[in-house]
Amino acid sequence: MIRKKSILSSLSALTILSVILSACGGAANNTANTGNSGATPAANTEDTAAAEPVEFSFYLTGSQNVKSLYDTLIPMFEEKNPDAKVNLVYIPSGAGAQPTYDRILAAKQAGKGSGDIDLYEAGLSDVTLGKKDDLWDTLNADGIPNLNHVNQQVLTNISNLAVPYRSSAVLLAYNSEKITDVPTTLDELYEWIRNHPGKFAYNDPSTGGSGNSFVMTTLYKDLPEDAIYNSDPSILEQWGTGMDLLKDLGQFVYGGGIYPKKNQGTLDLLATGEVDMIPAWSDMVMEQTANGLLPASTKMQQLTPGFNGGPTYLMVPKLSEKKEAVYKFLDFVLSPEAQEVIVNQLHGFPGIEITNMPQEIQDSFEGAAEGFRSFNIGELEKEMTKRWQSEVAAQ
Amino acid sequence: MSKQSKMGVLGLLLVLPSFLVLFVIVILPVALSFKESLTNDSGGYDLSNYIYLFTDKLMRSNIIFTLTVTIISVGLVLAVSYALAVYMRFNDSAIVRWIQKMYMIPIFIPGVIATYGLIRMLGNRGWAAQFLYQFGVESMPRFIFDMKGIIIANLWFNIPFTTMLLASALTAVPNSIIESAKDVGAGMWRIFFNLILPLTYKTLLVAATFAFMGIIGSFTAPFLLGPNAPQMLGVSMQQIFGVFQDRQLASALAFFTFFLCSIMGYFYIREMTKEERGKAT
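One line per chain: the protein sequences are A and B, in this order.
So in numbering that gives the first Met the number 0, the last one in the first sequence is 394, and the numbering has no gaps at all.
So in numbering that gives the first Met the number 0, the last one in the second sequence is 280, and the numbering has no gaps at all.
Just chain A, same shape as in the assembly (with noise of 0.2 Å):
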């Protein structure tokens, strides 16, 4: 009877076995598959262009919900537009092996192209160091009509070397409930944060941009207008006055000297009711107020001059040889109706005009969506948060 069990057993473990290595085999056999019928179709292409769609690679590297509104957008666009097919690479935000920056330079000092890379997401500092290295085509509204609608003044600054596309600011949070008399300067809202001993929170400037911005407005408090975009190391020697003001505000702020780690630490705190004010990313707060996550009498103000915000741009390098179908793509990312999603489900601010939206979301943004300061310090922002580190924490 036992011997008849062993057996049993052993042969019923043996089909499991076989049942497991057919499936490992045939899930290969189909990868492999999928591998030819994909290489086939790009092989036709270029034999017969007028009827396959053009498929361009669009480098993308930011945070998970960056790549859910494409994951949004581009069904959206690829049904409109069957001529044209956009291949999203994303690499989320600190596991990029070569920055993508990188590789497009590389490719072209290899004399290789654009390094299949057609359309490529970031910041105000990749689009100024791009404009130096001249890796970016110069758009204007004849291939993208929409570019009309974005602010003319933004595309002269950048020497039109980029789509603004979206934008968000840090600004001040705060609980409604518990204050009606907002600070709409720096100053009054030292002194606001004097007069409300632990009720105000911004976060270790090293992780997270809100903080961040923080500490560097009030660097620049009294500095010359234009020192926001001076990455020249001598203007250190000024911050010293900001320094000792955050130092003497350290006993004022949360827990008399505490600053929570990452943006979302104060926005906790904000939403326990520990702090009624705080520096914050406006997309971050409108997602959390939206979501219940931060009470419903949450609301924001800009100070004047304003925190540090600005655009995420789109730039298609010079080199890119599906520039067409690429133009295509940026002048629907600019449509009213690609702009809504942007507003609905990533909560940034459109970058088109206001006045080309929705009433409805020209009033939500009232008083949020401007103001804001392009800071662009460069390397210097390295040394700040260590200045900070040294001189504010371990005070």
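Just so you know, these hints were derived from the structure itself, not from any lab.
Any given hint might turn out to be false.
[Said to hold, decoys possible] Within a straight-line C-alpha distance of at most 25 Å, the following computed DSS-like cross-link-like pairs (lysine-lysine) qualify: (1) A:261 - A:107; (2) A:84 - A:317; (3) B:201 - B:273; (4) A:261 - A:131; (5) A:246 - B:56; (6) A:84 - A:321; (7) A:66 - A:385; (8) A:322 - A:177; (9) A:66 - A:327; (10) A:66 - A:246; (11) A:385 - B:34; (12) A:381 - B:34; (13) B:56 - A:385; (14) A:327 - A:317; (15) A:381 - B:56; (16) A:260 - A:246; (17) A:84 - A:107; (18) B:147 - A:261; (19) A:111 - A:79; (20) A:381 - A:131; (21) A:260 - B:147; (22) B:56 - A:260; (23) B:147 - B:56; (24) A:107 - A:317.
[What the hints assert, rightly or not] Not everything, but these chain A residues come out facing chain B in the computed CB check (under 7 Å): (25) 59; (26) 258; (27) 384.
[Claimed, not checked] One side of the interface only, derived from the structure: several residues of chain B facing chain A at Cβ under 7 Å: (28) 44; (29) 144; (30) 228; (31) 238; (32) 242.
Keep in mind that this is a model prediction, so the values were computed, not measured.
Glycine included, every Cβ here is placed at the ideal spot set by N, Cα and C.
Starting from the known structure of chain A, fit chain B onto it as the hints suggest.
Only chain B this time, still in chain A's reference frame:
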């Protein structure tokens, strides 16, 4: 080839794969980061990064903070785990059976989740505070964003595994020894210090080594629960490497941490080989 040399070759072949793995993932990176840590700003080699580590006020306070947290944590972990293991070994009741079933649970909870759980519980408006508020306790000591928070998290992460190690060592202590000691009239404390402790001393050392290494290099809990300054070395290293992008200094700090761990490792290996030699002769 004689049989002996054949066996020798076979032995080498068997050792080779693990040695190669060790070489590629441990020895080589350590050597590379040691070289990196000796590089100064102008590209030459000197000790400037190490001098900075021990002279900069912030860095020094980070090192002292890390050692303090580690030593307190290891001490507490060993004390609690040993007490728990001894209790489970020499008692048999419903409570013991419950503890035996449950004490491993923390191992199966991911670190980040446990850390956020601690924040929720011990935070200023966390449920511990809300619970105590019912009894008229107005203010709690600060646990989160403080050294105490990191130590509590370390207890949570390290007690289960340490208890498991010690419990298995205690099971190996034969009942007969203890009974015969009792027969000749040894008291409870005498049995503990003269029999149980010496018999489990080696495992205690193993447990201390594991806890020490785990805590000194920890990141998640100190990052989320710790103060802004001083920081534990893992957090500081991440900041220097990722934010300040000073790879040389980060390497120096990494190498220093490795050095601290190897001191611990040295004592561990010395004790182990002493025992082996004792057996061989």
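Going through the hints against the structure:
1. Note on residue 261 of chain A and residue 107 of chain A: the hinted pairing is violated, with a Cα-Cα distance of about 37 Å set against a maximum of 25 Å.
2. With a C-alpha separation of about 20 Å, the suggested pair residue 84 of chain A and residue 317 of chain A falls inside the 25 Å cut-off, and the hint holds.
3. Annotation: proposed proximity of residue 201 of chain B to residue 273 of chain B holds, straight-line Cα distance about 11 Å (limit 25 Å).
4. Under the criterion of a C-alpha separation no larger than 25 Å, the hint pairing residue 261 of chain A with residue 131 of chain A is inconsistent with the structure, at around 32 Å.
5. Between residue 246 of chain A and residue 56 of chain B, the direct Cα distance comes to roughly 17 Å. Compliance with the 25 Å bound is thereby established for this hinted pair.
6. Proximity of residue 84 of chain A to residue 321 of chain A is assessed by CA-CA distance (about 11 Å); at most 25 Å being required, the pair is judged to hold.
7. As the CA atoms of residue 66 of chain A and residue 385 of chain A are separated by approximately 32 Å, the hinted pair breaks the 25 Å bound.
8. Taking the CA atoms of residue 322 of chain A and residue 177 of chain A, the gap is near 53 Å; set against the 25 Å cutoff, the hint is violated.
9. Taken as a hint, the residue 66 of chain A and residue 327 of chain A pair is honoured in the structure, with Cα atoms around 20 Å apart against an allowance of 25 Å.
10. Restraint check for residue 66 of chain A and residue 246 of chain A: the C-alpha separation of about 39 Å exceeds 25 Å, so the hint is violated.
11. With a CA separation close to 24 Å, the supplied pair residue 385 of chain A and residue 34 of chain B stays within the 25 Å bound.
12. Note on residue 381 of chain A and residue 34 of chain B: the hinted pairing holds, with a Cα-Cα distance of about 24 Å set against a maximum of 25 Å.
13. For the hint pairing residue 56 of chain B with residue 385 of chain A, the CA-to-CA distance comes to about 13 Å; that is within 25 Å, so the pair holds.
14. Of the pairs offered as hints, the one joining residue 327 of chain A and residue 317 of chain A holds, with about 16 Å between alpha carbons and a cut-off of 25 Å not exceeded.
15. With a C-alpha separation of about 19 Å, the suggested pair residue 381 of chain A and residue 56 of chain B falls inside the 25 Å cut-off, and the hint holds.
16. Of the pairs offered as hints, the one joining residue 260 of chain A and residue 246 of chain A holds, with about 18 Å between alpha carbons and a cut-off of 25 Å not exceeded.
17. With a C-alpha separation of about 24 Å, the suggested pairing of residue 84 of chain A with residue 107 of chain A holds against the 25 Å cut-off.
18. Distance restraint check for residue 147 of chain B and residue 261 of chain A: the Cα-Cα separation of roughly 21 Å lies within the 25 Å cut-off, and the hinted pair is therefore satisfied.
19. Straight-line distance between C-alpha atoms of residue 111 of chain A and residue 79 of chain A comes to about 32 Å, which puts the hinted pair past the 25 Å bound.
20. Using a Cα cut-off of 25 Å, the hinted pair residue 381 of chain A and residue 131 of chain A holds, with the two alpha carbons roughly 22 Å apart.
21. Proposed proximity of residue 260 of chain A and residue 147 of chain B is supported: the alpha carbons are some 17 Å apart, at most 25 Å.
22. A threshold of 25 Å between alpha carbons decides the hint, and for residue 56 of chain B with residue 260 of chain A the separation of about 22 Å falls inside it, so the pair holds.
23. For the suggested pair residue 147 of chain B and residue 56 of chain B, the alpha carbons sit about 22 Å apart, so the restraint of at most 25 Å is met.
24. Simply put, residue 107 of chain A and residue 317 of chain A have alpha-carbon atoms about 9 Å apart, close enough for the 25 Å limit, and the pair holds.
25. A least Cβ separation of about 21 Å between residue 59 of chain A and chain B goes past the 7 Å threshold, and the interface hint is therefore violated.
26. The interface hint given for residue 258 of chain A holds, since its Cβ lies 5 Å from the closest Cβ of chain B, which is under the 7 Å cut-off.
27. Contact between residue 384 of chain A and chain B, as hinted, is supported at the beta carbon level, the nearest pair being about 5 Å apart and thus within 7 Å.
28. Using the Cβ-Cβ criterion of 7 Å, the hint placing residue 44 of chain B at the interface with chain A is not satisfied: the shortest such distance is roughly 24 Å.
29. At about 5 Å, the closest approach between the beta carbon of residue 144 of chain B and any beta carbon in chain A falls short of 7 Å, and the interface hint on this residue holds.
30. The restraint placing residue 228 of chain B at the interface with chain A holds, with a minimum CB-CB distance near 4 Å, inside the 7 Å limit.
31. The interface hint given for residue 238 of chain B holds, since its Cβ lies 6 Å from the closest Cβ of chain A, which is under the 7 Å cut-off.
32. Look at residue 242 of chain B: its Cβ gets to within about 4 Å of chain A, closer than 7 Å, so that hint holds up.
Taken one by one, the earlier hints fail for this structure at numbers 1, 4, 7, 8, 10, 19, 25, 28, listed in ascending order.
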